[in-house]
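These two chains come separately, so use the hints to put the complex back together.
From first to last, the protein sequence lines stand for chains A and B.
Under UniProt numbering, the first residue of the first sequence carries the number 1, and numbering increases by one thereafter.
Under UniProt numbering, the first residue of the second sequence carries the number 1, and numbering increases by one thereafter.
There's no promise every hint is true.
[Unchecked claim] Which chain A residues stay away from chain B? Per the calculated CB distances, all over 10 Å, these:
hint	residue
1	Leu76
2	Ala180
3	Leu191
4	Ile213
[Claimed, not checked] Output of the computed footprint for chain B on chain A, the stretches with three or more beta carbons under 8 Å from beta carbons of chain B:
hint	segment
5	97 to 109
6	227 to 239
Treat the hints as calculated values from the structure; they're not laboratory data.
In this text the structure is predicted, and so the values were computed from the model without any measurement.
Note that CB positions come from ideal geometry on N, CA and C, so glycine has one too.
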Amino acid sequence: MNELLLQGLVNGIILGMIYALIGLGLNVVFGVLRVVNFAHGEFIILGAYAAYFLQRLLGLSPFLAMPLIFAGFGVLGYLMYFVLIRRLAKSDDPEHASLLVMFGVSIALGALMLLFFEADSRSLAYSFDPPFLMFGSVIIPTTKLVALGVVLAITAVLAFFLYRTLPGKALRAIIMNRDAVQIVGVDLEQLSAMTLGLGLGLAGVTGVLVAMIFPAFSPFIGQDYTLIGFIVIVLGGLGHPVGAIVGGIIFGLTEQTAQVYMNGSIASLMGFLLLIGVILVRPTGIFGREAMK
Amino acid sequence: MADNTRKTQLGAMAKPVIWGAIVIVLAVTFATVPFVTGNLSFMFYMMLWMTMATAFNFVAGLAGYMPFGYVAFYGVGAYATGILYKSAGLPIIVALIGAGAAGIVVALIMAPTLRLRGVYFGIVSLAMALAAKLIISLLPPNITGGSMGLILSSANNPMAAYYTMFIVLMLALATGTWLFFSRTGTALRAIRDDQEAAEVVGVNVVRTRLKAWVAAAVFPAFAGGIEAWYTNAIDLESSFNLLVTAKSIVYAMAGGLGYLVGPIVGSGLLYGVDHLIWQQFPTLNLLLLGIVIVVLILAMPRGIVGAFAQRFSRLRKYIP
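Excised from the complex, chain B in its bound form (with noise of 0.2 Å):
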C-alpha cells in the first residue's frame, strides 16, 4: 500500500521533472548560441515559433477554442511596438512592454466572444483579427506610417532582440508550467471536456478561461513586438499575414495540443524543415504547408507526442 502511494507519488513527479529538463536544455541551447553560430536569425525564428505555438496550445489545447484570429495579437504587437517607438519616442523596452498590454487589451475586448462554441468561435475571431487590421489602417497614416508602415532602424540590434525573444519564450513556458501544473489547468481542462459539469463541480469558467485567453494573447503580443524590431520594419501585409494563424496552428498541432512539449517538438522539427529545405520557393513553401495541414488532420490529428503518447500509452504519464 504505502510502496504504491510513493509510486504514484513518482508517476505525477515525473511529468514536471522531465519538463524541467526539457526547458534547462532548451534554455542552455538558446543562451549559448550567438556565441557558438553566426545563424542567429535561424535561432530567433526558432525562439519565436516556440513561443507563439506555445501561447496557441493554452487556448486550443487547454480551453478548446481555435482563435483562427490569433494573428491579430502579434500584429497589435508589432504595430503598438512601432508606434510607441517611433511616434511616442519611447525606449524600445517600454515600447514593447505596451506591446504585451496592447494584446491584453485586444484580448479583453475579444473577450466576450469567449461565449461562442466550436466554429462560431473560430469564424468570429477571424472577423476581429481582419477588423483590427482595418482599423489600424484607417489610423491616422502620420502615427501608423500608412501602407509604406514604420521602420525601427534606429533601434537596430538584433543581438537585444535575441535575448529579448529568449526571455520571453522562457516566460511563455513559465506560464504553461503553471497554466498546465496547477489547479487553473485542471479546471480549465474539465472546462474542454464538459463546461455544464466543471460549472456544477464549482468551476468559475468566466475566469478561467479569461487566465488562458489573456496568456494567450500576451505572448503573440510580445513576439510581434520583437519580431519587428529584429526585422527594423512594420507593414499591415505582414503584420496581418493569416500564414501566423497558420503556423502557430499547424506547429502546435504537428506536436500535439493539449501537451507541453508538443509545440516546442511542432516548432522544433516543422520550422527547421521549413527553413532548411522550403526558404528558398516562396510559392512551393505556400504550397507545403497547405498540404503538410490536410495530412497532418488526417494522419495524425493528435500529433506527434499524441500519437506517440497514444501508441505507447504505458510512457503516457511521463510525458508533461
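Isolated chain A (complex conformation) (with noise of 0.2 Å):
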C-alpha cells in the first residue's frame, strides 16, 4: 500500500508540474492583460496536433518541434492581440467580456480542428528506450520524466525571463501596478502583445508535452485542460506566477494520490471539491492578490 502511495506521489508531482506549466500560461495572461483565456486548453490540443503532423510530415522529433511551435503560436498571439483583445479594454466590463471573447474563440477553434482533424483521436508515435525506469519500486515511464525534465527547464528560463530580465520585471511590475508602469515608459501595447504571445507560444509547448505523456488526444478534451488550468490559477491565485506552480503541484498530487485509493470519477471529483473547498476559506487562492504587494 506504501509503494502505491508513493507512486502516487511521484505521478502526482510530474502531472502537477504539467498542470503548472497549464496554468503559468494562463495566468501570465490573465496578470498581464487581465484576459481570461477560456480557449487556453484548445491552443494546448492544436500544439499537439502541430506536433503530430511536424512528425508525420516532416519526421521532426517533438523536442524539435517545441522551439518551431513556440514561435509561431508566439506570433498567433501576438497578432491576436490586436485583433481581438486591445478592444476589449473599452467595455464596460473587460474581465468579463474577454472571459466571453475568449470563450467564442474556443467554441470556434474546437469546431476548426473538429473540421480539418476529424473526431478520431491521434497519438504521437514516440518511445524511448528503455520505456520504464525503475526507483526502488517507483515504475516511472520515460517519457514522464523528460516531461518533467522539460517542465523544468522551460520554468526555469521562464522563472529568469521574469526576475532577472528587463522585459520580464516590466511584465511583473505591470501585474502588480498598471497606472504606475505606464507612467514610467513602457509601451504596454507591444508587451501585452508580446505576453499574449508568450502566453499561447507556452500552450502550444504544453499541447506537445501533453500528446507525448497522455496517449491520446482529439479536438474535443481542450475544455477539460483549459478547466484543469482554472483550478490551478483559482488554486494558487489569479496571476500570480508561482501560485501557478504551487496550484499545479497541489492539484496534480490530491488528484493523483486519490487515485491509489478510488476510482478515476471520484479522483477527479476530489480535483473540483479541493478547488471548492480552497475557495470557501480563501476567495482570492493561497496566492491571493494581497500576497503579492
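Shown next, in the form of C-alpha cells:
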C-alpha cells in the first residue's frame, strides 16, 4: 500500500508540474492583460496536433518541434492581441468581456479542429529506450521523466525571464500596478501583445508535452485542459506566477493520490472539491492579491 | 409642475405597459402555434431558449454574475425528471416539479460561491457544473441509466410537453416582471453597480442576490426536465453540454443583458437563424456560434436592445 502511495505521489508531482505549466500560461496572460483565456485548452490541443503533423509530414522529433511551435504560436498570440483583445479595453467590464470572447474563440477553434482533423483520437508515435525506469519499487515511464525535465527547464527559463530580465520585470510590474508602469514609460501595447504571444507559445509547448504523456488527443478535449488550468490558477491565486506552480502541484498530488484509493471519476471529483473548498476558505486563492504586494 | 409630474408618471408607466403588450403577443403566438403550423419542434425550442436566456438575464443582467456552469441547473433538472419518472415511477408532472425543486437545491448548494466576484465566480461555477455531472455519473446505473442514459418513451406526449414549456416560459416572464419592476430589482441593480454602497443604504445583499440566483436556477431546471420529456431521452453528454451555457449566454447577450426584452429579442432572432440556416451543418454551426460570440462582444457588447437604447437615448425610458 505504501509503495502504491509513493507511486501516486511521484505521479502527482510529475503531472502537477504539467498542470502548473498550463496554469503558468494562463496566469501570465491574466496577470498582465486581465484576459481570462478560456481557449487555452484548445490551443494546447492545437499544439499537440502541430507536433503530430510536424512529425508525420517532416519527420521532426517532438523536441525539435517545441521551439518551432513556441515561435509559431507566439506570433499567433501577438497578432491575436491586436485583432481581438485590444478592443476589449473600451468595454464596460473588460474581464468578463475577455472571458466571453475567449469562450467564443474556444468554441470556434474546437469546431475548426474538428473540421480539419476529424473526431478520431490521434497519438504521437514516440518512444524511449528503455520505456520505463525503476526507482526502488516506483516505476516511472521515461517519457514522463523527460517531460518533467522539459517542464522544469521551461519554468527555469521563464523564472529567469520574469525575475532577471528587463521585459520580464516590466511584465511583473504591470501585474502589480498597471498605471504606475505607464507613467514610467513602458510601451503597454507592445508588452501586452508579447505577453499574449508568450501565453499561447506556452500553450503550444504544453500541447507537445501533453501529446507525449497522455496516450491520445482529439479536438473535443481542450476544455478539460482549460478547466485544469483554471483550477490550478484559482487554487494558487489568479495572476500570480508562483501560485500557478504551487496550485499545479497541489492539484496533481490530490488527483493522483486519490487515484490510488478510489476510481478515476472520484479522483477528478476530489480535484473540484479541493478547488471549491479552498475558494470558500480563501476566495483569492493561496497566493491571493494581497500576497503579491 | 403638475403637468410634469403626470409626464414622469406616464414615463414610468410606459415600460410596464409596453412589456405587458409584448408578453401578450408572445402568449397568443405560442398558445396558438400548435393549431396553425405543423412545426411544433421549432416553436418548442424557441420557447425553451427564451426561458433559458430570460433566467440567465436574472443573474447576469441584474445581479452581475456570469455563471459559466449555468448548464448544471439544466442537466440536474433533466436527470431529476428522468430519475423521478423512470426509477421512482412518479407521474411526469410530479417529476417535473421535482426537477424544479432539484434546481433550487443545487442553487442553494452553490450559494456560498456568490461570495466570489468577477471571473472567480465564473470559473468556480464551471467547476461546480462539472462536479454535478461527475456526481451523477457516479450514481448507481440502475437509477441514472449509466452511460446509456434514460429513455422516457412511455411518457411520450409532445403536445403536453409543448404546453408545459409554454407555462414555464410564462412563469419565467412573470418572474422577470417581478424582478425588474419591484424593489428587489432596484436593490439588485444597486448591488450590481456598487455592493458596498448598497449595503450602507441598508440593502440585504445576501438575501436579495439569493432571490435572483434561485429564480435563475429554477427555470433551466424545468427546461431541462421538459426537454427530456419532449425528446424522451436523457444522457450525460447532452444534458451537461457546455453549449447549453454558451447558447443561453449568446442569446441573452445578443439581445441585451439587463433589459427584459433583451433575451426575447436575442433568442427570437438568433435561434431562428440558427435553426433555419445552420442546423444542417453541425460542425459549421458550432464554428459560427463561436464566431458570433466573438463578433458580438467586440462589436455590440450591450446587445441589440442595448445598442438601440444607446443610439436613441430618448426612447430609453420606453424600453423594458
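Each hint, compared with the structure:
1. Look at Leu76 of chain A: its CB is around 15 Å from the nearest CB on chain B, clear of 10 Å, so calling it non-interface holds up.
2. Chain B leaves Ala180 of chain A outside its interface by the beta-carbon criterion, the shortest separation being 22 Å against a cut-off of 10 Å.
3. A cut-off of 10 Å between C-beta atoms confirms that Leu191 of chain A is not in contact with chain B; the least separation is 22 Å.
4. The beta carbon of Ile213 of chain A is kept farther than 10 Å from every beta carbon of chain B, the shortest such distance being approximately 22 Å.
5. Three residues within the 8 Å Cβ limit are the bar, and the segment 97 to 109 of chain A against chain B gives 11, so the coverage statement holds.
6. Only when three residues or more bring their CB closer than 8 Å to a CB of chain B does the claim for the segment 227 to 239 of chain A stand; here the count is 5, and the claim holds.
In terms of the numbered hints stated before, the structure departs from none.
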